[in-house]
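What the sequence shown shows, in UniProt numbering, is residues 1 to 155, in sequence order.
Worth flagging that the hints you see were computed from the coordinates, not collected in a lab.
With a straight-line cut-off of 20 Å between C-alpha atoms, the simulated PhoX-like cross-links for lysine-lysine are:
1) 7 - 134
2) 134 - 54
3) 7 - 135
4) 71 - 144
5) 7 - 144
6) 135 - 54
7) 54 - 104
8) 134 - 144
9) 135 - 26
10) 26 - 144
11) 7 - 104
12) 7 - 26
13) 7 - 54
Now the in silico label distances, taken between C-beta atoms and shown as ranges:
14) 119 - 97: 12 to 22 Å
15) 104 - 19: 16 to 26 Å
16) 72 - 130: 29 to 39 Å
17) 132 - 108: 12 to 22 Å
18) 20 - 119: 18 to 28 Å
We treat Cβ as the ideally placed atom computed from N, Cα and C, and that holds for glycine.
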Amino acid sequence: MIDEILKIADSVARSILCENFGFEVKSTQESVPEMDEFLYSGVVGVLGTIGDLKGRVIIGVDFDVCGRLVKTIYDQDVATNNDMLDVSYEIFNMIVGNTLVEYKNTFGTALRPTPPSIFLGENMLVVSPRIQRKKIEYVLDCGKIFIEVGFERGM
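All chains, please: the whole structure from these sequences, using the hints.
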């Protein structure tokens with residue numbers, strides 16, 4: 001199930017990044033995180049999933065990518081912290097919301113996202129719960145983005 005959702009999220013994220021922002025994904029790397037914690041600098045969103053399955057999605061956007069997103073949306077060269085948080089909030093909602101709709105349409109499993117919690121900072125320690133999860137990282141010409149999907153064990 002994680003593979004199916006991550007595959008849909010990958011397609012949705014690529015579409016949003018390319019069609020709305022003109023970002024080209026140069027490479028991707030899928031992995032199963034070995035550690036339950038990692039350091040990250042940029043904007044991180046944590047969204048829960050409720051419904052037939054309980055889980056969560058973590059999305060991270062580094063500062064350079066986030067600055068370009070703000071520049072594209074607001075047509076301004078300076079990205080304030082509030083701008084980065086607002087833009088990230090909307091993009092994270094788009095990626096997760098569209099992924100869950102497509103997953104429901106394909107597999108008939110009803111999942112709804114919780115409102116995201118958004119964090120911005122340098123060297124933030126992000127701790128994932130001990131759940132089954134998988135991560136995909138995108139390398140763009142201006143930085144990196146990742147999406148990590150996880151569900152309670154046994155799902």
